[in-house]
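> Kindly produce the complete structure, drawing on both the sequences and the hints.
One point on numbering: in our numbering, the residue at position 180 of the sequence shown is 180, and numbering is uninterrupted.
Result set (DMTMM-like, lysine to aspartate or glutamate): computed pairs, CA atoms no more than 25 Å apart in a straight line:
id : residue 1 : residue 2
1  : K95       : D49
2  : K383      : D428
3  : K25       : E58
4  : K76       : D822
5  : K566      : D596
6  : K366      : D384
7  : K43       : D14
8  : K112      : D14
9  : K2        : E46
10 : K930      : D873
11 : K1074     : E1050
12 : K444      : E472
13 : K100      : D6
14 : K55       : E15
15 : K635      : D605
16 : K842      : D822
17 : K889      : D924
18 : K2        : D98
19 : K541      : E516
Distance windows between CB atoms, simulated:
id : residue 1 : residue 2 : range
20 : A68       : T99       : 21 to 29 Å
21 : D863      : Q378      : 51 to 59 Å
22 : A68       : L370      : 56 to 64 Å
23 : R777      : V557      : 38 to 46 Å
24 : G324      : K889      : 54 to 62 Å
25 : G324      : F933      : 44 to 52 Å
26 : S779      : I598      : 22 to 30 Å
27 : D1060     : A805      : 24 to 32 Å
28 : T470      : Q773      : 54 to 62 Å
29 : V382      : D924      : 42 to 50 Å
Calculated from the structure, these hints are not laboratory results.
Please read these numbers as outputs of a predicted model, since none were measured by experiment.
Quick reminder that beta carbons are idealized off the backbone N, C-alpha and C, glycines included.
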Amino acid sequence: MKYFEDEVHNGNWDEVEKYLSGFTKVDDNRYSMKIFFEIRKQKYLEALDKHDRSKAVEILVKDLKVFATFNEELFKEITQLLTLENFRENEQLSKYGDTKSARAIMLVELKKLIEANPLFRDKLQFPNLKNSRLRTLINQRKTDFLCNHSLNWQHQLCKNPRPNPDIKTLFVDHSCGQPNGARAPSPANNPLLGSLPKAGGFPPLGAHGPFQPTPAQVPAPLAGWMSNPSPVTHPAVSGGAIGLGASIPAALKHPRTPPTNPSVDYPSGDSDHVSKRTRPMGISDEVNLPVNVMPVPFQGHGHSQAFSAPDDLPRAVARMLNQGSSPMSMDFHPLQQTLLLVGTNVGDIALWEAGSRERLVAKNFKVWDLTACSMPLQAALVKDPAVSVNRVIWSPDGSLFGVAYSRHIVQIYSYHGGDEVRQHLEIDAHVGGVNDIAFSHPNKLLCVITCGDDKTIKVWDASNGTKQYTFEGHEASVYSVCPHYKENIQFIFSTAIDGKIKAWLYDNMGSRVDYEAPGRWCTTMAYSADGTRLFSCGTSKDGESFIVEWNESEGAVKRTYQGFRKRSLGVVQFDTTKNKYLAAGDDFSIKFWDMDNIQPLTSFDADGGLPASPRIRFNKDGSLLAVSTNDNGIKILANSDGMRLLRTLENLSYDALRTAEAPKPTINPISAAAAAAAAAATSAGLADRSVAIAGMNGDARSLGDVKPRITEEPSDKSKIWKLTEINEPSQCRSLRLPENLRVTKISRLIFTNSGNAILALASNAIHLLWKWQRSDRNSNGKATASVAPQLWQPSSGILMTNDVADTNPEEAVPCFALSKNDSYVMSASGGKISLFNMMTFKTMATFMPPPPAATFLAFHPQDNNIIAIGMDDSTIQIYNVRVDEVKSKLKGHSKRITGLAFSHVLSVLVSSGADSQLCVWNTDGWEKQKARFLQVPAGRTPTALSDTRVQFHQDQIHFLVVHETQLAIYETTKLDCMKQWVPRDSSALITHATFSCDSQLVYASFLDASVCVFTAANLRLRCRINPSAYLPTNISSNVHPLVIAAHPSEPNEFALGLSDGGVHVFEPLESENKWGVPPPVENGSASSMTATPSVGAPGSEQAQR
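Shown next as structure tokens:
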């Protein structure tokens, strides 16, 4: 290290890299990538500091370009430093000192990365060698040097020589491991990835030293087994990618006890047959992975302290369901979160509505077509007709569900709402039992994946049952499967009862991974809802159970959780929820762990009556927990949110449920994508997922930082519910942001993705940016109504001003969209579209002069170089910024475009126009899938060019429609209106509305200056903020909000842009911490529709305003 340190201090960068190359390459693993990135970034900054632009460009192209593959946004930002007179104008580099101090700071970080890098293990100090060993090495090396020029001479001494030996050191004789050994391949040679770049990510620009930036959100490339190394051994080094971290195979199989993510399929199981669930990881474009920051345990819990059970765990027994036979597997519907699918030990399946306690469907095992079955199956059924369900699972969009039986068979049903279930497919899948089933979508084809006692994994087309692939290689019965995809890599993990874990690509080329799980018997795997942490649960034949967290970069166990009974009775199931908790059924109870603490958090027995190893299953948002009981029943445990959800459905009649329309099982491009959604939606809870929300102003947000909503107390039935009215400034926290520029009205408004600033576009084409700073009163530096921000401008004093051409900007339709990393804003005010640098306010480019003029902008969720541009001539242009080319022009509207929103889960673009029409476009070929005109309420005549806005719900399947006459929730695949809210005839028109960041609320502004807060699931009014609460009495009565924006991580915070040029930020009082209370179902003011968008017939509700 001494030589390396000296070379770094002296800035001999070529020698530094040459020396490192003897140990590692850039793409060996994430640590190596970070090391080389830091060195090359420092070399680049030093060239800029010397104003040697030609040298800087050479470094950029020759040395830094390689990292663009992994984080194009970061590379762009680095490139933009060339445009600055002094790169310290970049906010993240503002504290960069002189060269000497910068090298010293960087060296400290490099040493930490080197120490944490597994490739440097045992190479930081010269080993002690016995003289005899050294003599042997020298002699062997002399005789072999001219022939081999390598260490392969050691291979000749192996007892079991194998092809392509992995020989790493002189100091210990090499020996090949046994075939199918349990040793995990190093991240540098991960067979799953082949020649793909290893895990990686790069730090944001100011990642070292005193100027640590806010953690960048990062997509996770596939590297090694997974992508987050353990922080335990080297706490100072983040396992996350530096600036683009990556999270890899996300859904490893879940225990037969489904994991906590209701939208994901999980396994669940007990003794002989544990049902397993696949938990597809949510498609998360970006994951917050801090650089050089120690992992923070769940707030308020130290590792050594005893925990009290948090209020958000479902503990209260809310329902008892009498199944009649022992439940083997359970799964909640991904959208209708009180709908529970159950499979039992005698082959029965049942569908329960937990809210009303009704069994909607009950079916006994029956072979649909015995003549189509194989002779071994027919013979087996004649000899012993007893059959058990091993696993039940919903498809990602809830339109299908699969049942895996202990005899050969898989049955797929289609679900049409209420009690309408139809036979869809029957597959004679395996010889012996089918141990697990999962849904996946390789190549955008919805497929069913099965595994069985015949040691194989098979993939079937979900539409017709055609076999697509057979994977062979396990030496024991395959116990669970877990399909997943990352970027364009799709794969399946499988576990067998000999403890082996294997990974497969859809290519019939054999297993890519061979690991061994703790317990070496029945194991299932699951990711946290956000896909950043991997866990497995297994039980050995001796009854020893394990829950562990894995180090994704090395395929090694990172953390082993304690608290199991010494000898578990049966196979323990587990689940995860809320990105915080692990749960397992053990010792006649349910045990919980905080993910950051190996000691148990709490346990409870659900008032008794549980089996030794109960089967458990959370619903999607973690508010309900289904637990099997000793007496062939199921207990539904709930937290306060779950109690409200159950009560919402308690009084619904069976007939009402029967008429509820659910997604049809037709396998079309959209529903196949919904399967992808499934992979994403299924693995992330409705409120916990880290998926992108397409905002009404064209932004796309990651939800990784969204704070969990504080649960509300159950409504007291003895009290009459009353709408919360806020009339006085003292009844909420509100702040008018400081102004020093003359603007007449705010046309567009958005919080930055980091949550620490607000960007507004005024009607005079000028942008305003308010930034909050860290302080004693605002420790996290986030936007808040409690502390005034600064109206920010760069030192140059320039303004971001749109091109207005020959038009009057006051009459133009302004629009803008913000990039995911807050670095750029694309904007237009009737003239050309401008691309601004948010740090310098400089105009980077202008393009597409009118006519036609742009009226709405939206970045593609997976590629910031692609933008959808709505035009005033009613077309939508798909424009590639990089090549300055319009790729497609979409025609379908008759008036100007007023709204665009992408769903990366369904791979669609939804558009809305001043013609009150909604259109759905497939983003693969840009063809129109569906179109529907808005249902304008009777007696309401919209203005000639009334705007219609659209915004996707967090589930990426439903979207909010905002029109001056109504609010509505639509389901995308069929364009059905699921909910509608219409103001009274005498009420003011709606000016704008938006989802809260967690999609649990809808904030709407009105022409009379009032603001209403709705519960999003049913569009019921819960709180109204009247103008007197925030507008001075002496202000004109014509002042009203034109636009409303929601904070990206604070669900109860929003901002208004007013017609007088003001911007107000709102939060509830700290003592309340929420906006009102939803009306109880018992109160007549509530509609009879269910609280879940996909349950219940479309309808409208008029709320008094």
